[in-house]
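Here the protein sequences line up with chains U and Z, keeping their order. Numbering-wise (our numbering), the first sequence opens with residue 35 and increments by one. Numbering-wise (our numbering), the second sequence opens with residue 2 and increments by one.
Treat the hints as calculated values from the structure; they're not laboratory data. Quick caveat, the model's predicted, so the values are computed rather than measured. All residues carry an ideal CB built from backbone N, CA and C; glycine is no exception. Certain hints may be false.
[Claimed, not checked] Far from chain U by the CB rule (all over 10 Å, computed), these chain Z residues:
1. G78
2. V86
3. A105
[What the hints assert, rightly or not] Here are the simulated DSS-like pairs of lysine-lysine, each with C-alpha atoms no more than 27 Å apart in a straight line:
4. U:K298 <-> U:K283
5. U:K283 <-> Z:K6
6. Z:K6 <-> U:K255
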Amino acid sequence: MHHVIESGNVAAAHGVRLSRAQVIAAYPITPQTPLTEKLSEFVESDQLQAEYIPVESEHSALSVCIAASSAGARSFTATSANGLLYMNEQLHWAAGARLPIVMCVVNRGVGAPWTIWNDHQDSISQRDTGWIQLYVCDHQQIADTVIKAFYLAEAVSIPVMVCYDGYILSHTYMPFQVAEKEEVDEFLPRFSPNYALDPLNPANLNTVTLPDCREDIRGEKAPGYMEIRHDLHSDLRRSLDVWTDIEDKFLHKFGRGGSACLEKYQCEDAENIVVCMGSLSYQFRDVVDMLRDRGYSVGVAGIRIYRPFPDQAIREQLSRAKGLLVFEKALSYGNQGALASDIKSVLYSCSSKPFVQSYVLGLGGRQIKTQDLLGAVENFCTGNFAEDNLHWLGLQI
Amino acid sequence: MNENKFCTYKSHSDPGPGDGGRTGSWRVVRPVIDREKCLPCKKNKQTCFICWLLCPDGVVSKTVPPGIDLEYCKGCGICAEECPVGAIEMVEETSIAQEESQDASCY
Chain U
35 MHHVIESGNV AAAHGVRLSR AQVIAAYPIT PQTPLTEKLS EFVESDQLQA EYIPVESEHS
95 ALSVCIAASS AGARSFTATS ANGLLYMNEQ LHWAAGARLP IVMCVVNRGV GAPWTIWNDH
155 QDSISQRDTG WIQLYVCDHQ QIADTVIKAF YLAEAVSIPV MVCYDGYILS HTYMPFQVAE
215 KEEVDEFLPR FSPNYALDPL NPANLNTVTL PDCREDIRGE KAPGYMEIRH DLHSDLRRSL
275 DVWTDIEDKF LHKFGRGGSA CLEKYQCEDA ENIVVCMGSL SYQFRDVVDM LRDRGYSVGV
335 AGIRIYRPFP DQAIREQLSR AKGLLVFEKA LSYGNQGALA SDIKSVLYSC SSKPFVQSYV
395 LGLGGRQIKT QDLLGAVENF CTGNFAEDNL HWLGLQI
Chain Z
2 MNENKFCTYK SHSDPGPGDG GRTGSWRVVR PVIDREKCLP CKKNKQTCFI CWLLCPDGVV
62 SKTVPPGIDL EYCKGCGICA EECPVGAIEM VEETSIAQEE SQDASCY
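Chain U extracted, bound-state conformation:
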């Protein structure tokens, strides 16, 4: 293990290198990040034995990964913003085909109007594609989570997005530890799918599936579309336990990480708890410290896994609070923050539930000032705020 000071993109590239990805397909220009440039350097210099395939679009990048994964290769791609949206059709396909592809989503806002800066609208708008979504808070988590993501994806046969904040994490330099190849080899099992494309053993994959079950050519009952989709959903639900096991195993091996669903700070006795995703939850730790100094009983919980949604962890660990303040860099337009409505829905079955306030902030890279966060949480704690469906923080007009 050695220490480096590098960008979040380089941290992600180290994670991919240590995971020994075999096929990397990526669209090389905007909205791409230097992550894939670093990977092509690793491949070119033989530090990673992989096929690097530059393609003409993000749709093709994921298509290549779908084909490579079907052929039994550990496959990786990365994108951001409108590039992720351009992949949309293939995102559904990769999940439905149960291919354990890993993708870094470097979170950015989406056009129009054109933006390149950070928010979470790109990945949040892909929440119903059947992919697992993990959100990370710093450079160390980026490098580690990529490795864990391959483990998880291959254990449950579901693709995984590792989402990290554009610019705030992707382009800033921070110290982090880079594991040795041998250590990661001991942790991450080899990719051995039950079936990989084989000319000597041909198969039909994901052909037209009629509404009802029918017999296959051997006379055995084959699943219909609905059974296959039901299986994806129930496996997504069950993958929460697998993810928790992987976090524990990683903690045991490397001595860091271990928060599978919620990463909590000062939450144990907190009356009001801030809930958010990504690097914002670390920024909130300063706010929590300042408010604790002023006598407020507050904490912050970062959601680490957004799909499958950690409903049980939220009910068990957050429902005792008086208030939950959900801060999001994304919006379900015409309703409220997607995370806020998800949290409200899991609390519905609790006998006593916290009041949930939805905040939207930081869209298109709008600066999130610690002072503004402090003011918003303090106003909530003192009851000095207007109860509304969605509170916008940081509007300038």
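Position chain Z against the provided structure of chain U, taking the given hints into account.
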């Protein structure tokens, strides 16, 4: 972690006739071969077989006369379009059904 517990159902099947279901039920027009015109029939030998070659579902047999597996023929009409001697006519399934029911009522 038992990896086998996951991914019980996915779309994976062995290639073979009928893997896409009984697609013959989709058909609204049926190819009917006129043996007076069909080249293999007329010459009584293995020849032509353009219908066999171009059928997208592989339901035409390379025999004299050529056979059409109506279990899977979708009635696309490519064989009729491509037959060099116009020996294949696409006949409405409804008229065939009517004829059959009339035949049955005679008894």
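Quick check: which numbered hints come out false for this structure?
-> none
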